[in-house]
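Listed here are the chains, written in short residue letters.
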Amino acid sequence: MLKYIVRRVFLLIPVILCVMTVLFTILYFTPGDPAHIALGQEATREAIAAFRTEHGLDDPFVVQLGRYIYRAVVHADLGYSYAMKSPVSYELSTRIPTTMKLAFWAVAFSTLVGIPLGVICAIRQYSFLDSVTTLVTLLGVSMPTFWTGLLLILAFSVHLEWLPSMGFSTPGEMVLPVVTLSGSTIAIIARITRSSMLEVIRTDYVRTARAKGQKERTVILRHALPNAMIPIMTIISMQFGLLLGGSLITEAIFSISGVGRLMIEAINMRDYPIIQGGVLFISVAFCLVNLVVDILYAFVDPRIHVR
Amino acid sequence: MNDAQPLLDIRNLFVRFHTDTGVVHAVNGLNLSLRKGKSLGFVGETGAGKTTTALAALQLIQSPPGEMTGEILFQGRDVMKMTEPEKRAFRGGKIAMIFQDPMTSLNPIMTVEEQIMEMVELHSAVANTRERAREMLTLVGIRPERGKDYPHQLSGGMRQRVGIAIALACEPDLLIADEPTTALDVTIQAQVIDLIKKLQSSVRTSLLLITHDLGIVAEICDDVAIMYAGRLVETAGLRQLYKKPLHPYTQGLFDAVPRLDTDPGEKLAVIPGLTPDPTNLPEGCSFSPRCPHARHVCHERSCGMKEYEPGHFVDCHFPLDFSSGNRGDGK
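Order-wise, the sequence lines are chains A and B. 10 is the number of the first residue of the first sequence in my numbering; add one for each residue after it. 24 is the number of the first residue of the second sequence in my numbering; add one for each residue after it.
Bound conformation, chain A alone (with noise of 0.2 Å):
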């Protein structure tokens, strides 16, 4: 067990690597030169030379790849925003924490939703309760979050003025974000989950387990479930992942500054090292997420680790 984590830690190592050298590449060719950025249009030529010497704009291509890679894994420095005029670093971390939370509590809400929900409706294939989860996730798959966040705010901040609209601090501020991104994320997981659990449900063991007498409710949670569980959590982890990345429509709707929002202003203000920091970070968050779902799928599923 020990084994198989420490390999699935080492390679992240060589995709956190690729996923750098990528993103520095594309950038390193976009048009644009950061020193005309950082400096205005005004700026004059001599000027702009000298930035371009004191931040080593004029090394080769192969030096400044290592360069950023160093210091981002030695010094955690991520560049500098000359339009924020502030450090990446200090950027993304004021922000992740906002966006963390948004994601992991959208995640919590919409598994401890949808997997019951799934899990109900396999059990009572086609009955109304079935197919009225399954109109609802269709809804919830088709809408998209700019839309249900508007509707959510319309009704209960507009009408009923229940909740705020805006921010991201106290609980009650956190419901109509939170239940804005599980929307979909409900439907997904009770999707995914129903049609899981109907394939094991059909299985020889979950048979055997009823033929030795066990209830129905055991035969479900301890037979059942925990067998459909590997597709359900692949699904989590990829929504989970998905949010990290900053949900940039709920947070633009509900102004929270989470990195979503930080990102779509770097975007606008073409500040490249915030843009660079922000997918690094995603990427970042995406391969950890998975590396701690292939943990967990081998605690599920003995056959992943046991020989």
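It is possible that part of the hints are untrue.
What the hints assert, rightly or not - Below, computed lysine-lysine pairings styled on DSS-like, alpha-carbon distance capped at 25 Å:
hint, chain 1, residue 1, chain 2, residue 2
1, B, K104, A, K224
2, B, K267, B, K61
3, B, K59, B, K220
4, B, K221, B, K61
5, B, K104, B, K117
6, B, K171, A, K12
7, B, K59, B, K110
8, B, K110, A, K224
9, B, K290, B, K267
10, B, K117, A, K224
In short, the hints are calculated from the structure, not lab data.
Based on the hints, put chain B in the right spot on chain A.
Same frame as chain A, now just chain B:
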């Protein structure tokens, strides 16, 4: 309970499944009884409804789409009328089942001893369930320390032994073995059959052996029932039936067994045609479309079970070879 009363008595059982393509008539008016302490071989082609009958006896037919009518008396009680908790106590505790495919019938994410322990916890008052599970493993010839293994770490034969250990852990009154050797290598088949035979006598359980292998039946069964298209066509004591198969279908089954004394390359005798489509059973005797001896009456109505000699029942208008060494019709 007196000994004259059968342990399991299935009367006029019908099982149908309502599917998108029509109603599947899986079991059609089956009558079957199993004497206490005996073993009954339940023989028929794939799709004849053998497994469905066993699942019906355990009340494990999912409804919908399944639908059951008739009576299944176990120790004189109709299992169809039992409450859900009674059925649970009865499954595993009174009737246990060994399933056909050991590769898929064990839970892949539980250790094998946990799976045996689950059965023990449900149906016995044994305090140390782990101890009991290990005893069972030893009994079926697996080293008890292998109990900590998961099913994928065991071979097919070992998994089937685990299946047997689970089924016998609470000493059920009736053991249903559903083609316990079909998925196994020939060498392992013999071991598993010997094991079932040995344990059946030591645990003193009755046995319903579902198979299509007449050789295995000859080895362990006292009685034989031949099933075709959801109903019995012939039932008798082992010797009676092997000596004198009356139904043309039974005869066909025997002819289809490869023999060592035929010349190499010679074709096996096969029963022409296919088992009838269970959504669309033929009128009259269900075997009539394939029967080489079928006559007009066979296509109109089936004969119904008749006792041709004591203990030997057959459902055929013209049973083979009876009394004179000739067919009833004088061919």
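So, going through the hints one by one against the coordinates:
no.	hint	result
1	B/K104 to A/K224	holds, 18 Å
2	B/K267 to B/K61	holds, 21 Å
3	B/K59 to B/K220	holds, 15 Å
4	B/K221 to B/K61	holds, 13 Å
5	B/K104 to B/K117	holds, 16 Å
6	B/K171 to A/K12	holds, 20 Å
7	B/K59 to B/K110	holds, 20 Å
8	B/K110 to A/K224	holds, 10 Å
9	B/K290 to B/K267	holds, 24 Å
10	B/K117 to A/K224	holds, 16 Å
Of the numbered hints given earlier, the model fails none.
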